[in-house]
Amino acid sequence: MTDEELAKDLGPLAALTIGIGTMIGAGIFVLPGAAVKEAGPLAAGAFVLGGTIAIFTAASASELGTAMPKSGGAYYYINHALGPLFGSVAGWGNWMGLAFASAFYMTGFGQYVVTFLPVPSLSIAGITISGVKIVALAGGALFVFINYVGAKETGKLQNAIVLILLAILAVFTVFGLLNADLAKLRPFVPPDKGISPLLPVTGLVFVSYLGFVQITSVAEEIKNPGKNLPRAVLGSVIIVTAVYALVLVTVLAAVDNSLVAGNETAVVDVARHLIGPVGAGAMLFGGLLATASSANASILASSRINFAMGRDQIVSSELNEIHPRFGTPYRSIGITGGFILLFILLADVGTLANAGSVLHLIIYGLLNVSLIVMRVSDPEDYQPDYRVPLYPFTPIIGAITSFALIAFFANTIVLLAVGFVVFAMIWYAVYARGKATKQGILGKYILSRSEQIPDAAVSATTSVQPDGGYRVIVPLANPESEADLIKLAGSVAKARNGTLVGVHIEQVPDQTALESAREEFDFAEADELLEQARIDADELGVPIETHTILSHRSFEEVFDAAETYNADLMVMGWGPDSHGAPGRAESAIEEMTHSLSYDVLVLKDRGFDPSRVLVPTAGGPDSDLSASVANVMQEFYDSEVTLLHVADDKQEGEAFLREWAEERGLGDAKLVVETGDVERAIESHAADCSLLFIGATERGLLSRLVRGALVLNVVDDVECSVLLAEQSRKRSLRERLFGSD
Amino acid sequence: MTDEVESLFSRPLLPLANEADAEASCAAAAPRIVAEGGHAYVVHVIEKAGGAPDKASVEQRETVAEDIFSLARGVATEAGIELDTDLRFGTDVGDAILDAAEDIDATAIVFTPRGGRSWWDLFSGDVRDRLVRNSDRPVVVLPAQRDDHSETIDGET
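Protein sequence lines correspond, in order, to chains Z and A. Here numbering that gives the first Met the number 0 is used: the first residue of the first sequence is 0, the next is one more, and so on. Here numbering that gives the first Met the number 0 is used: the first residue of the second sequence is 0, the next is one more, and so on.
If you are wondering where the hints come from, they were derived from the structure by calculation, not from laboratory data. Hints are not guaranteed to be accurate.
Said to hold, decoys possible - To list a few chain A residues with every Cβ distance to chain Z over 12 Å, as calculated:
#1 GLU3
#2 VAL4
#3 ARG10
#4 GLU18
#5 ALA26
#6 VAL33
#7 ALA34
#8 GLU35
#9 ASP104
#10 ARG132
#11 ASN133
#12 ARG136
#13 PRO137
#14 VAL139
#15 VAL140
#16 PRO142
Claimed, not checked - Computed footprint of chain Z on chain A; a stretch qualifies when at least three of its residues, placed anywhere within it, have a C-beta under 8 Å from a C-beta of chain Z:
#17 45-58
#18 72-81
If you're wondering where the values come from, they're calculated on a predicted model, not measured in any experiment. Every residue gets a Cβ at the ideal spot worked out from N, C-alpha and C, and that includes glycine.
So here's chain Z without its partners, still in its complex pose (with noise of 0.2 Å):
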């Protein structure tokens, strides 16, 4: 078996088990009797409304997931299509729906218990807890301790119970089938209510259909998800719904109303009736293994939720901390569990149901519109092998009928969803904003197409773009100039708190796949040049990430990596083998460095020597960055920094250079204003310096640069080492939007 196999192991079943597992605690064994005491024999309707909502977002939650098999699932789609913001409301919303829901499920299981183990209540400081609660909380303790130490037969087990659930609530049908009458259904529709507690009540019972979007969360280890994810998500729906709506509408036809009503296990009750005790009994487990296994399955999706915010600087990477010993993400799933345990002591059963439901149905609603995001905006990289029948209906309807379900919920609970988005929303703009990095696929389209959409739209986009504080990238690819360009761009990268981002192109022969490349490449001279590239910038104090990029292309991968990790600031060598050869298409790198959204400085290193700086000067903006990277050499490195200007007339040009150096704060440089040609004063300059700053002069260095058709003598003439600075082009856009920064 290759290592991607032996990484994919999770076959249909087990896929579509974790599905099933996850739902089935829920709808069945713990909602019929506060359902059936709202709706009567209408609850069952409530159970097939919920799962027709539920399939349409099951529809595109496989379009989605096939699309991008990655740990984190529906986090990670809305996060990617959507952008951090709303992928901060889908990634605590996912996580805190998570311990509401297992909350219920523990109180579910606390019920079950009680019935044949009388647990007295607790007094505390005048608090009372339940028995229900006391076992609720044991249970939610147990199930946090076994996801901890990372007990792997655990996991084999949902299997087993499954079919074990299965196979006893179609033994459990059978029997009532063979009682049923159908008068007992009748009023099927309350008389006194008519049909308003349908929408109430499916937002009740909605609680049963969380686990279908679980399934997505492990995608990454799911074999041929192309496949088997589609069949697991929607088959495990479908499945659940319908053996919802058999169960209830057989008990509901075989014993009276009032057993079930209000009854919190109701099951247990008409089994004993229906079977006799041996009924009871096997309900009775029944009970006890399916909230066990939603509560186990939830927390483990969970951590899985935390991991990919975690990836995505939503939350402190910290929390993801892997476990030495058991190999576990223990930090996520003791605070997950720390939740779980709140959430049991501080509300009832009803509301926890009603959280959990609410908050996935904000996740729905947000998958669907995800989906429409991708579709539209189509990148290059989206494609799904399953697609949404009937698009764009099927996700329209699903967003619409997810948050409309919403508002059948009690005020309290609308409330508490919409304080969550907005906590959501204020931790992303205080918290996460400086930090993530990842932008979303509708961010990026809303400004790629600035000019034909709204400025006010455009505008609201910018303000909640991510923001990853000032990031340096650095491409390195040989030894010999690493230490140079991490030096000039750890003192800028830290003159304004920033991130470094050593990036090494590897670039693979057009005729291997990446994907083959990654596996079967030797990576260590890449490795050992990135872990020298940390190295020096620890020394210089200054925080970096290091990236290789697997590319088919190599120079040109360059300016993409730079979009991707969202740079500021690139900060490149120039030699004759600095970056391979650039490619064929010379368009392609007059396109890419036409609408540069970070500056550029390209140091042509002779040795990295800052101690005499020159910064020749005409004005103009790209000399503004050989002004502020000149103050953080003289900040950092002690530079003298001298500046030249060539004038006309002498006295006009010292007035001149003097004001323009007062305004960059280089108050403190040694002046100087030459007459005549400009080159050969730079060049006669340049003798007596160690640094000779060339901004360009005009648009377009870089990609003249790159073709070979820059005739700037002087970098050849000199013998100093030259740092070109160009200034990003996006500079206007943000200025209209923001004024200049």
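The hints should help you fit chain A onto chain Z, whose structure is shown.
Using the frame of chain Z, we list chain A on its own:
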């Protein structure tokens, strides 16, 4: 089969469980590998549940593996040893390590004891014990340098 006996440290395989383990094992083995002019191999195994959801995401644990390997490479580079890394997936960590040893025909499987609270092995499984019992090649247990990280080696944080 040749009659010539190879030195234990000419092609040793170091199974590395976590960063602390990597630090301890590599530091302890490096001088011995240098002395033999050997070539080091390190393996890290990502434990799979084999048909059930894993205890942690694969991608998450691949990141951990990368950290472990880069630590090992650091030690090897400093000591001037050639080092190859091997990332494996397996439902049984011990078996996967033995397979890795077989593939490179390792001269020994080398590790340092991680000590501490053996009752936790109830949950994490005692891989080392399994290696000692099932290996058909020498298993060398090196004393870890106890001065700095003895607590973290146990992995309790």
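Hint check results:
| no. | hint | result |
| --- | --- | --- |
| 1 | GLU3 | 30 Å, holds |
| 2 | VAL4 | 30 Å, holds |
| 3 | ARG10 | 17 Å, holds |
| 4 | GLU18 | 7 Å, violated |
| 5 | ALA26 | 17 Å, holds |
| 6 | VAL33 | 18 Å, holds |
| 7 | ALA34 | 23 Å, holds |
| 8 | GLU35 | 21 Å, holds |
| 9 | ASP104 | 20 Å, holds |
| 10 | ARG132 | 20 Å, holds |
| 11 | ASN133 | 19 Å, holds |
| 12 | ARG136 | 23 Å, holds |
| 13 | PRO137 | 26 Å, holds |
| 14 | VAL139 | 22 Å, holds |
| 15 | VAL140 | 18 Å, holds |
| 16 | PRO142 | 20 Å, holds |
| 17 | 45-58 | holds (count 14) |
| 18 | 72-81 | holds (count 3) |
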